[in-house]
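Novice: Listed below are the residues making up each chain.
There are 2 protein chains.
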Amino acid sequence: MASALRLGVAGLGTVGASLVRLLTKNGAALARKCGRPVVLTAVSARDRTRDRGVDLSGFTWFDDPVELARSGEIDVFVELIGGASGPAEASVRAAIASGKHVVTANKALLARHGVELAGLAERAGVSLNYEAAVAGGIPIVKTLREAMAGNSVARVYGILNGTCNYILTRMEREGLSFAECLADAQRLGYAEADPTFDIEGNDTAHKLALLTSLAFGCKISADDIYLEGITSITTADIRAADELGYRIKLLGVAQKTDSGIEQRVHPTMVPKSSAIARIDGVLNAVAVDGDFVGEIVLVGPGAGGDATASSVASDIADIARGDVAPALGSPSDELVDYTRAGMRRHEGGYYIRLSVFDRPGAFATIARAMADANISLESIVQRRAEAPGLSDRGAGEGTEPQPVILITYETTEAAVKEALEAIVARGVVADAPQMIRIEKLA
Amino acid sequence: MASALRLGVAGLGTVGASLVRLLTKNGAALARKCGRPVVLTAVSARDRTRDRGVDLSGFTWFDDPVELARSGEIDVFVELIGGASGPAEASVRAAIASGKHVVTANKALLARHGVELAGLAERAGVSLNYEAAVAGGIPIVKTLREAMAGNSVARVYGILNGTCNYILTRMEREGLSFAECLADAQRLGYAEADPTFDIEGNDTAHKLALLTSLAFGCKISADDIYLEGITSITTADIRAADELGYRIKLLGVAQKTDSGIEQRVHPTMVPKSSAIARIDGVLNAVAVDGDFVGEIVLVGPGAGGDATASSVASDIADIARGDVAPALGSPSDELVDYTRAGMRRHEGGYYIRLSVFDRPGAFATIARAMADANISLESIVQRRAEAPGLSDRGAGEGTEPQPVILITYETTEAAVKEALEAIVARGVVADAPQMIRIEKLA
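For the record, the sequence lines run as chains A and B.
With the working numbering applied, the first sequence corresponds to residues 85 to 526, in that order.
With the working numbering applied, the second sequence corresponds to residues 85 to 526, in that order.
Quick caveat, the hints were computed from the structure, so don't treat them as lab data.
Quick caveat, the model's predicted, so the values are computed rather than measured.
Please note that the accuracy of each hint is not assured.
[Said to hold, decoys possible] Cut-off 30 Å, straight-line C-alpha distance, at most; resulting in silico cross-link-like pairs (DSS-like, lysine-lysine): (1) K356(A) / K501(A); (2) K109(B) / K109(A); (3) K524(A) / K501(B).
[As the list claims (entries may be wrong)] If you anchor each label on the Cβ, the simulated ranges turn out as follows: (4) G406(A) / T423(B): 27 to 37 Å; (5) A88(B) / S182(A): 29 to 39 Å; (6) R207(B) / G406(A): 13 to 23 Å; (7) D421(B) / R136(A): 30 to 40 Å; (8) A88(B) / R130(A): 46 to 56 Å.
Here a beta-carbon is modelled for each residue, glycine too, at the ideal position from N, C-alpha and C.
Isolated chain A, as found in the complex (with noise of 0.2 Å):
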C-alpha cells in the first residue's frame, strides 16, 4: 500500500468532530478504497480545553491554522473554521502556498475567492475540494464537475437552504406563522441567533455562485445574484399556493437564456407534482438539466456534522486516490466571463397577492393596470367568501381590505412590476403588493 495521506484540520466544531469519528470508525475502509490509509495528524481550534466527545490527544495541535496549514506534518489542509476572510482565508492560501491540497466546506470564501484560489491550487498543483460547501452530504460538485462532464447544461436549480425549507414546511403544515417557524428552528439548531443569513437567502446565493460556474464553465459571480428571502412569505400566501395546486419553496435557480446567465434567488411557487416541491424539511435537493443526460434531481441532507463530513471524506478520498481535477470544472484561465442576463420572462407567470380596499371601482382599477401592462390573468381568487366582493357592483364601501389573489398567465418580470407600481400609485391597496414567481419544473 502507497504512503499514508496525512490530514490536517482546522475548525473543530460539529462538521470537525463528525469527521473525527468517521475517520476512526470507517478509516480501515477508506484506505481499501483509496488504496493507502489516510490519517488525521494534526488539529488547530481556538479552543484546545473544550470538550468535543473526541478523543484529539493523538494529534499535534496548533494554535494558528496558519501555521498548520504550513506544516510539514500534513498533506491535506481541511478548511472547516468559516468565513470568507479572516483566519479561514489566510490558512487556505498558505496551504496551496506551501503545496498541500485543500479541502474545504466554506461557501462564503469560494464565493467570494473561489477563482482566484483555484487558479494558485492549480499553479500549485494541488486539489481545491468543496464538496461539502454546497447542499451538505449531497454529492453535487462531484456531479456536475465530473458526472456531468459530457453535458452542457441548461438550468440547474435547487432548495439549498435546509433553515429556509423547514420554516417553509413548517408554515404549511401547521399552519404556523413564519415568526413562530424561525423561532422554532432557532430552538432545535437549525437556523442561527442571528439567522438573517440563511432567511434572506445570502447563503443560497453562495452555494448558487458555486454551481453555477460549475455548470456553465463561467467565474464565479455572487454578486450578480437577485436576491429576495422568505421574511414576506405569509400563512395566507402558502394557503393560496396550496390551493392554486402550488407549494412556495426558496430556490436558487441558475439558468442560460440568450443574453448571459441568471442567477436568482427567491421564494418560488412550484407545481405539487414537481420533485422539488416534495422536498420537506431541513432536506436540500439540486436539479440539473443537460443536453444529454436530460434532467436529473439528487435529494439528501443539506446540513448537519455527519453529512457534511461524509462529504469532506470524499473531498479527501479523491485526492487520496490522486485524482485532481480543476476546482471548478475547467481550468480557471479558462473560464468565461460571467455575462448576467437580465430577469427572464417566467414561463409559469406570477402569483400576486393584493390587500384591496372594499369599495367600488378598485378592481376595475386593478384590472386596468394589469390590461396596461399587457398581462393576462390566469385566475383571480378573492380569499373571504363573507367578504361583500369586488365585483363592482355597487356594493357598498368595506371597513377591512379584503385580499385578492392573481395568478398571470406568462409575463415579464418589467410588467409585473409596472402594472403593481399602477396599483400602489392609485390607492386601492393598504399594503405593499406580495409577488411571487411562479417555476414551471418538471
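Fit chain B to the supplied structure of chain A, relying on the hints for placement.
Specialist: Leaving out everything else, chain B in the frame of chain A:
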C-alpha cells in the same frame, strides 16, 4: 494541453450513435474539463452500411470488435455491444490484455464476470468503468464508489428498470391491465420484443448485483438474488394499494443484516409519501443509506441513448483526467465473499390478496391460519360492497369468490408462507394467493 485520449467504440446502436453526437457537440468543452482532447478514432459494429444518423467517415472501421480492442489506434475501448458473453466479453478481455482502459454499459457482462474483469484491469493498471450499466444517466456508480467513500452503507435500493416502472405507472394511472401496458411499452420502444428479461426482474437483478458489490465491498453475486417480476400484479392489487396509501414499484433492494447481505428484486408496496413512490414512468431512482451521510436519493432517466451516453462520457472523462479507481470501489482481491442473508423480517409487513369462496367459515379458516402462524393483521379490506360478506354470520354460500385483502403487521417471510400454504390446503381460496412485501422507506 496533454496528448489526446483516443476512443474506440464497439457497438453503434442508440447509445453509440448518441455518444458520437455528444463528442461532436460537447467535445471541446469536455477537452477543457479533462485537460486534453478526447477523440473518437475507430469504431466497430455489425453492419457497416446501416444509416445511424451520424457521420462515421472519419473513423477507422473494424468489423471485429476484438481487433478494435487490440488496435494501437485507441487508448480506451468503449464496449456498447451488450450480452454476458460472446463478442462483448471477448473484446473487453482483449482490451484489458492489451492495456486499454475499458468503458462499458454492459450490466450482464459485469454481473457475471465483474470481479474477474476488475482484477484483470487492476493488474493491467487500466480503468474498468461502467456508470452507464446501472440506472442510465444517474451517477450512482460514481456516488457509491467515490462520494460515499467515507460511509458504511446499510442499504441501497431503487427503481432500476424503466420498462417495469412505465408499466406499473400506466396501470395505476389509467387502470389498464398488465398486458395492455406491456403492449404499449413495446410499441413505444420501452420494452423489447421479448420483454422477459425486464418484466421478470433479471435486468434489475444485474444492476442490483453491481450496486451491492459497490455498496458493501463484497464480491458480485447475481445468482444469490431473490427474484420476482411484475407479471402477477393486477389492477386489483394496484387499486388496493392506492386505497391503503401505497404504490407498487419493482424495487431492487440490498441490505446489510446480522446474517449477511440480503439482495432481492420484487414488487414492493411503498408508502405514497416516500420519495421512491413518486418516481413515475421510465425514470429510475436509487437511494443509499450511509452511516454518516444518511439517506441520499438520485433520480433521473434510467435509459435512452443520450442519457446513457452521458454516463459513458463521464467514465471517459475520469480516464482522461487520470483517475483510475478500483472498478468495484475496493481492490478486487480485498472484496469480501458475499454472504447471503435469509429473507429478513420485513418491518412493514405484507399485503396479501386472497380470492375467497364466499361460504360460512371461510374467514374463520383464514383468521385461524394467520393466528397459527403468529401473524397479526393491521387491516382487512373486502373489496366488493355488494358481496354478502365474510363475517361468517350465517350468510348463504355465494357463487363468485370474493377478493379479500389483508395487511399484516411485521412478521417473517416464513410465517406468511406457512399461513398461505395452510389457507390453500384448506380449500377456501379459488386462486393462488397474491403476496406483496411492504417496505418501510423514508
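Novice: Can you give the numbers of the hints that this structure goes against, from lowest to highest?
Specialist: 2 and 3
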